[in-house]
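Chains as they are written, first to last, in this note's numbering: chain A, 4 to 307; chain B, 96 to 521.
To be clear, the hints were calculated from the coordinates, so they are not data collected in a lab. Just so it is clear, the structure is predicted and the values come from calculations on it, not from any experiment. Worth double-checking, as some hints may not be accurate.
Restricting the straight-line Cα-Cα distance to at most 25 angstroms, the calculated cross-link-like pairs of lysine-lysine (DSS-like) are [what the hints assert, rightly or not]:
hint : chain 1 : residue 1 : chain 2 : residue 2
1    : B       : Lys148    : B       : Lys256
2    : A       : Lys97     : B       : Lys393
3    : B       : Lys211    : B       : Lys148
4    : B       : Lys191    : B       : Lys256
5    : B       : Lys426    : A       : Lys97
6    : A       : Lys99     : B       : Lys191
7    : B       : Lys134    : B       : Lys191
8    : A       : Lys217    : B       : Lys120
9    : B       : Lys304    : B       : Lys120
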Amino acid sequence: MIDLVGKRNWFFLISAIVIIPGIISLAVFGLKPGVDFSSGTAMTVHFDKAVELSQVRQELTNLGYDQAIVQPAGGNDFFIRLPEMSTDQTTQLKDKLQTGLDTTLSISSLYTVSPIVAAGTVRNTVIAVVVAAVGILLYISWAFRKMPKPIRWGTCAIIALIHDLIVVIAVFSILGWVANVEVDALFVTGVLAVVGVSVNNIVVVFDRIRENMKRGVSRDFEVVANYGIVESLGRSLNTGLATLFVIVALYILGGQTTRTLVLALLIGIATGIYSSLCIAGQLLVVWEKGLVKRKKEAPSLAQG
Amino acid sequence: MSVWFILPGNGWDDRKDFKLGLDLKGGSHLVYSIDLSKKDPSQSDADVIAGVKQKIERRVNAYGVTEPIVQTITNERGSFVLIQLPGVTDVDQAIKLIGQTAELDFRELVVDASGKPVLDADGKEQWTIAKAKGSDGQERELTGKYLKPNAQVVLEPQTNKPEVAFEWNSEGATLFEQITQRNLQKPLGIFLDNQLISAPTVQSVIKDKGVITGLNLQEANTLAIQLNSGSLDVPLTIVERRDIGATLGEDSLKKSLEAGIIGAAMVVIFMIAYYRFSGLMACLALVVYVALNLAIFKLIPVVLTLPGIAGFLVSVGMGVDGNVLVAERLKEELRRGRTLGAAIEEGFRQSWSAILDANVTVFIACAVLYWLGNTFGNFLVLGFATTLFIGTALSMFTQVVVTRTFLRTVVGLGMAKSPAAYGVTK
């Protein structure tokens, strides 16, 4: 049997290598808020002839929109991010770009949010996240009520969950300053869905460990935990893979609209599989035995 | 079990019965804030909001949008009206039509004692709203509210220029008669939202009808719709606008469907390769699951959006979860040497609590997301929460009822007896 628990310090190291730079990025750069949260206008424009990115940037600067962010969106399409624009301003901008670049232009998508709506979205998002957190905590305390030490098991589950969330958020923070990736309401949607799926995985693994304790697989908790984790391996990997197949297909083939949602799900679900197998149960063992391996200690948990 | 009647339409390409969201068919999603501070104090907030909704509905319907949505939202930040216009291409014109207060009134020139017009500092003529005695003897201003809702655009026979022809109701006619009488051979200003549209000279006493000139065809069409819907009692301002081009929507739909089919095919191949016979059973259950899901999308009906399709596909991937849990248990029970029938019953019994427990967290997330999407009318978030919830709930049903029935039937028929068919290797 593979010894997943014995290699726990390696797993902790791997997680640290991902999480520490992520936390630094979050602290230094934070997340780039999208139109949903910061207000403003985002549009995808399509030109009827080939236009250089630099030309579009130059033209927007000439028109006085020097704070505009322009990104290529494939073919003759460009994504332009601006401060909030009124209907008249949008029409004017379109006309001026057409004359300036001597081509016809169509706005294939436009999204404008005023500060009043953005502020409301921020507030509601905070409420949603808090309510979800409370709900998940209540659920965990209920799901683990039969466990020998509910608080200890619950805490380990929550640490593993936070681990997954930090990875997702950190990746978006890094993508924010590397590739101008913004976080929007759909990113939050993805993150909350990840929470649901992650807890799900951890519960399945913990359930197995508990079952093996009942069966009295070994007196050593490390062995019991490893047994439970390895038994869940097939299920966790297979379920995770099945979900990831679909998500990867959506990420590669699906449209631009759902990119942030699908990317958050992709990173979060992949991390969730890893943490449920390599972090959550291992944390329980560490709590039980301390970071340094000591041999032949009486397993107090198994008696609970 | 008969699956035929729940299969969607005649084939997978026949999607005409699914309700597609704005992001898939193109159109515009607009949110206006309703400025209640400008309302007439005698009116209640609720009445003003209801009035705005009703008038906007009339305007949108007259504009010729299919399946528009007009909703009002009131929260701690104020009152809003949310409008969805599927398939609209000229959004700018739609915005002008919908959001304009469109208050029409008739004004007289301000004249001095000698009858000369009084000019302001810029040398412009001054206008004052024309008033006259109503049928009950009260002084009333002549405004658009006395119009019958039958204004229409006509072309002036000689010049071929568009005009808006209108009719007064009896009160309006009473006022108009007195006003035209005292303004014979003088100009009468027609104002829309305090902007002068035209100032024709009154040629004769008119009672019940008239025309408004000085407009191009588009303006005339817009004005006619606005006059018939009634003017808004308070000003509206756009606070959110999302336009999606029709081609973009179509393209997104195609891409998502491709992604879904490829993803689902990979899941099926993987399940059968790994779990053999019970994997095949699980995939059959998955087909029933997908068909049930699509049937529910049509029945409720669920408005399908891009994130909604993503939520559905994720639920398909996760729907495999329960089947995997059961299959894993089944394998184990077989390894422990149980008979196939006993192993199936035990496998389901053991995995049920895990399936139920595991999905609770997904339900919590869906409930929170549904609330989040609903409060600010974010149809994308709402779409994801709805399909993920339906998908998860249904997958629990198919896992427990459908897969088990399949497996029991197979055992009952004496097929697939070898444990190897369930992926057990010894």
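So, going through the hints one by one against the coordinates:
1. B/Lys148 x B/Lys256: Violated: B/Lys148 and B/Lys256 sit about 33 angstroms apart, past 25 angstroms.
2. A/Lys97 x B/Lys393: violated (39 angstroms)
3. B/Lys211 x B/Lys148: violated (44 angstroms)
4. B/Lys191 x B/Lys256: Cα-Cα ~22 angstroms, so holds.
5. B/Lys426 x A/Lys97: It is violated: about 63 angstroms lies between the C-alpha atoms, which goes past 25 angstroms.
6. A/Lys99 x B/Lys191: The given pair, whose Cα atoms are some 21 angstroms apart, holds under the 25 angstroms limit.
7. B/Lys134 x B/Lys191: It holds: about 21 angstroms lies between the C-alpha atoms, which stays within 25 angstroms.
8. A/Lys217 x B/Lys120: Violated - the C-alpha atoms of B/Lys120 and A/Lys217 are around 56 angstroms apart, more than 25 angstroms.
9. B/Lys304 x B/Lys120: With a Cα-Cα distance of about 42 angstroms, the restraint between B/Lys304 and B/Lys120 is violated, given a limit of 25 angstroms.
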